[in-house]
Amino acid sequence: MRRLLLTAATTTAAALTLAACGTTEPAADSTGKTSGAISLTDSTGAKVTLDGPAKKVVATEWNEVESLITLGVDPVGVADVKGYKTWDTAVPLKNEPKDIGTRGEPSMDTIASLSPDLVVASSDLPDAAVKQLRKIAPVLEIKSADASDQIGQMFTNLDLIAKATGTTAKAKTARKNFEAKVAEGKKALADAELDGTGIAFADGYVTSNQVSLRPYTDGSLIGSVNEQLGLKNAWKVKGDPAYGLGTTDVEGLTALPKDVRFAYIGNDGDKSSNPFSGQLKKNAVWTSLPFVKADKVHRLPDGIWMFGGPGSMEAYIDALVGALTK
Amino acid sequence: MAVTEAPPATRPPAAASRTGAAAVTAALVLLVAALAVVDITQGTAAVGPRQVLKALTGQADPGDASVVVASRLPRMTAGVLVGVVLGIAGAVLQAVSRNVLASPDTLAVNAGSYLALGLVGASGVSLPLLASSGVAFAGGLAAAAVVLALSGLGTGTVRLVLAGTALALGLNSVTEGLLLLFPQQTEGLYQWNQGSIGQNGFDGVLQMLPVALTGLVGLLLVARRVDALALGDDAARGLGVPVRATRVTVVVLAALLSAAAVTLAGPIGFVGLCAPALVRPLARRFRGLVRARAVLPVAGLAGAGLVLGSDVALRALVPADTAVAVPTGIVTSLVGAVFLVVTALRLRDTAGAEAPDRLRIPSRAAFVVTVAALVAAVVGVTLAGVLLGDTKLLLGDVANWAQGRAGQTVTFVLDTRVPRVLAALCAGGALALAGTLVQAVTRNPLAEPGVLGVSGGAALGAVVLVTTVPAAGSWGVAGAAFGGAALASAIVFGLSARGGYRQNRLVLVGIGMAAGSTALISLLIVLTDPFNAVKALTWLSGSTYGRTTADVLPVALVLALGLAVAVARRTELDLVSLDEDTPRLLGLRLPRARLGFLVVGVLLAATAVASAGTIGFVGLVAPHAARALVGRRHVRVVPVAVLLGAALVGTADLLGRTVIAPAQLGAGLMTAVIGTPYFLHLLVRSRRAT
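Sequence lines, in order, name chains V and C.
Quick note on UniProt numbering: the first sequence kicks off at 1 and runs consecutively.
Quick note on UniProt numbering: the second sequence kicks off at 1 and runs consecutively.
In short, the hints are calculated from the structure, not lab data.
This one's a predicted model, so the numbers in the text were calculated from it and none came from an experiment.
Watch out, some of these pointers could steer you wrong.
Listed next, the in silico EDC-like pairs over lysine to aspartate or glutamate satisfying Cα-Cα at most 20 Å (straight line) [stated by the list, open to error]:
{"hint": "1", "chain 1": "V", "residue 1": "K238", "chain 2": "C", "residue 2": "D321"}
{"hint": "2", "chain 1": "V", "residue 1": "K135", "chain 2": "C", "residue 2": "D415"}
{"hint": "3", "chain 1": "V", "residue 1": "K236", "chain 2": "C", "residue 2": "D321"}
Here chain C stands alone, though its shape is the one from the complex:
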């Protein structure tokens, strides 16, 4: 029958409200069973409920029976397996880190596995399934180890999520680079990255089952120790539980589980985050669900329900042929994004203000030297950007070109190259300034347009316009990007404004928004232009390809405006970034000042996205580095940050254009490759400071 999955293997031992817990488990089993039954009646073949019933009772014609046996049942089983495995992995990770936002997604496990598989795909080797799951496991485990090592276990929610998402961003950028470079070898990997539970027969499920079972049994064996950890490290040690060993074991087993899921279905986003969270309120009600041995199976069932529910909903809403092209993971990611936002809003924000950067106040001379060096660097990058490329030029060529006397080739090369260089420089400067403004207003050193979902909203707006009106001009795209960014930031800042942009809430809502907009962009691309993933990736990976002077104009103007505002209002910026009370004491109308700076920041981010696609990390890295170099006063931070941003993106663009010429990589990919390590370094440093 449809209900092939076993009921949770281990029932909780006798507990006070055992019946309550049993009832919950039974209800979940029924729900998953019902979803499973619906799921096997859906698909591209004309095999509906009646044929399925006949097939299951052995009366259908062989064709229908084979569809049920070789396609529907494997898909359903894979959905259940993936859901169970991810739900349990999430639950156990959250338990050992005492962190409600730990999950395979936020620990970058999925991104690590994806990169590992991408590398294998690009090398042209086709591995048997079990071997590729080994590769995925290694990749996922390595990523999780990096994240946990950097963020420290049980030390604050945001740090973990930030380290995880930052690493995931960086790793995904590398993988996307591979997709662009090896479109043939990695064909399908993009779609696969969104996660889809469709199967080619039972082979995959059968091969992954032992891996999943190993992980599950292992986790149930250490469940008692996990319970002890919930009491706190010291208490656990007092009970004789080896804290460190337990954590390592659990993380390895959880990575094994998610690797199994990733190999089978691709990364199905956010299930590991949502499923345990759905179970948590139940645990408060029914005391039988307090212990890990009871909670884990229930979280697994919730995960199965989420995955199957998403699949069923998708196939019910979209015509069968289109539904094949829309990966299940997009649906779970959308659900998860909303969920993350809601969690963030309910989360009690205990994190105090982040320890301020070390207040070294460098001398005026140091500031002047820094600016001079940076100006030289920007000039150098600009010239290098103009001179280097597939065709190397010399300064004399540029001089000829500037006077309109250059030959045809030089004229052309420079006509196309100069706007790209300018687009990169302006976008870098604009993002850096946007980051500076947003960090000042929110007093949150980790806020930046990319992390906060503003860039994601801008990209979504632009992609919507580009797919509906292909002939849209540069101002149109900039306008659409601004519309998207404005909407995204209204949601993010609006939701987190209560209580004055609390650190955790703002960043978590932002990350939710970023994840949601990425999922929507993927959905849009799959539905409108399924055979042009490369075009979409190019746009999303932050590329200056094909930019003309007209495309640079919006961002250049807004950057000039932003600089004017920042310089004119530099004292207000200093005050706003100080604390809640001082500006009020001095008679500054705080909400209005904040809103003004935010609007300028959003404008900057949106025009930057319109001119060069989504480029992450610059808005975060540049202001940070600027403060480290010249102290906290905005009259100094602003120019240094803008110059740094321009130099960074300019360099990234230059490298992307030249390293693998004549093929090229987006500037966004390069900044992520440069930016991720810096971001992680920041996290480590701020951890040491606290």
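With the rest of the complex left out, here is chain V:
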């Protein structure tokens, strides 16, 4: 043990000598501020001031990444790049941003090394982390989801990010496009006499031999879009206050009305995320459900992020309307 300690001490001393006294960055000089400052208030009520429209932006949550791409701002840093590429192909990345670590614990070091003009952070991050981010760059804290007004929150976020990046015109276009898409989808459904149809959207995962399902209640983003399309959410399960998601098992599906349409999104890049076309195929409860028997189960394309921005939701509307009216 003592030898180990001595070795450690010697190694340390050697390392210190090697690391001695260089710098990786010159000492700071005071620089003059440019004009054209932007000031705004983020979701938490904090005032954010920017010298000008942010160009180098880092985003910690995927819906923010999607909003940035929609606004034509390619983020320089994104949490879990690989995951984004798997789960959100509706609005793909146009550049190769730096991976800043996990969505739950983005690396402060990596973010700082990108020296961004702006960090768009999710309110799901620990407060302490946001406090630290504020030291790197102005932080726009975004409330990722709010079950009481999901679509409103989505556009509030988009507008905030647009204001900070000087792309309000694009945000307006995005909103108009989304509204047009909703109207178009609503009309298509009405033409097919599908307005007022009950719909249940869910995802699920499999571990070992157990299937867990996540109902998207009317408080979820997808649920809200469904209602805008003139459909009726069939879930009676209670959702959580932020994302509007419930929990249930296969049995819980029997509570759905007989004439319901069932839609889901899985991912071929993640086998455990799709029990509906795998594990449940042979389950007697599943196969005896009226909507399964009537072949009213719709798998929507992979890569539509269920918690994304207007881009994902437009892709969702196209996919859903296409599936229902086919």
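Since chain V is already given, all that's left is putting chain C on it; use the hints.
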């Protein structure tokens, strides 16, 4: 009908009080049957008793019938199967080790299986059920083999439990690391780890049934030899029973049984421990229940009763949709934790004082060299911690930063990195000092805040505050952690104080407390924030992520206070740790001195948890290593232990932050990975000494 499970296949052969044993078995069968009937009427679908009855008589509509056939009956059968299998595995393990605390949990079988399945999950391979049960079996068997090899069979209860729980902690840390690194691939594994008997049809049960039957039949075949082992190794040998071979066979079969249970339902905690213990008093009453062939089925029935009872209670108490999210294993773990504490209190403590560490008294020069080397190591770790990270810095950057002249990036990196480094160092030092104090007061070389449940209580307190008041500040969290730790330690030390902190009792009560608080934390997380397991795991795995200077302040202050107390009262510490009588002879008021040191120890542990989450093993390893290096006098042990603790956690934090950057692992995971082997090494060494 509901009572689909067969009555115990083998009735005990004619014995003196055969009717008594038969009556007990019949009563248990009835109880399990009643629970089973209630269980199939519960669930998320609106299929109550009437619909179930109709379904079973073939009159229900097809939807209801399918719920009963494809969901309720499989769940109930899985509950019975898992309970039976775990109860029997526990009973037979306890019999061959002549140890009332042997079970799949305490032999780390479950943890081994969990890690094996986690590895498969993280690699993205999805295996068919039978293959994953093979993987689980291999993992569980390997873990059990390590534990048994280290603790030795039939050599004292505590050693086995300690080796088992320590290994389980280490293995679980690795698995939790995997969960954090591969959240997508391992989604659901966290929840699954708590154990849930819900099933997707009969497939799983049918595939596991042959495995379970193989194990059961095998065990019944060797039952006579197991009986012989109960007489003692020599007597068994005299009867011509191959002792070693029997033990190995039994352990392999028991691991097979628990692997079947783990694959089917995840680790359902403590059933293997409780079920046989519930049967034991019966065996005293009815002589027919003395022999293994009779006891095993009864223990199995008791296990089935426990699992089904927990499931029924859970579904009766919580609304159906929430009950889906709460794993059955949490309930059995809570029951088991209480049970472990009660057993510990009733256990006759025969273990004498642990053989003291070899009393080598190193020279003063050796002490000075050790301290100097350690100081250099801590300084080195600190500097490395400050310089290394995703962004590598040089000393000049730090110099600029210290003078407030650094550029934006460097300023930021150091502003966030320095508090983390300090949090790790302070938490390490505080835990080491807490361990030193607790070990001195209890004269128990295996006591430490983590093992004793004090850290668990602190984490529970902190998690309760964080989930109810999300905006709580650092002092609030530290206060809540202290509240939890104080409550936990009041219970643990209060219960084991009688008879002067007897070795076994203290550690077993503590382990019970630790298990209970972990189960409660899991329950809290599942109920309040089911989609944020990662956040919770981060907190529990001992992370310095996002720490600010304000978070470091409580632990730094308490560490300073603790050091002052320890140095001022160093002679008292020496005396307290010596034996029961000497301090009294010298006029020291023993209870008051003990209480004082304990309070300081608890404060240290609580603030450490508040600043860096639950970090295990440091409180155990550091004081131990310190005594090995510089002898037993506290004037030497305290500084060396504190420095060692700081260096250990500092290194763990550094590795966790850099090895897989930009993603990161908690310091607690890294210390467990480093600490587990050391702990096991300690156990081996102390075994050789006795």
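These are the hints, each one checked on the structure:
1. V:K238 with C:D321: holds (8 Å)
2. V:K135 with C:D415: Holds, because 8 Å separates the two Cα atoms, which is no more than 20 Å.
3. V:K236 with C:D321: holds (10 Å)
Checked against the numbered hints given earlier, this structure breaks none of them.
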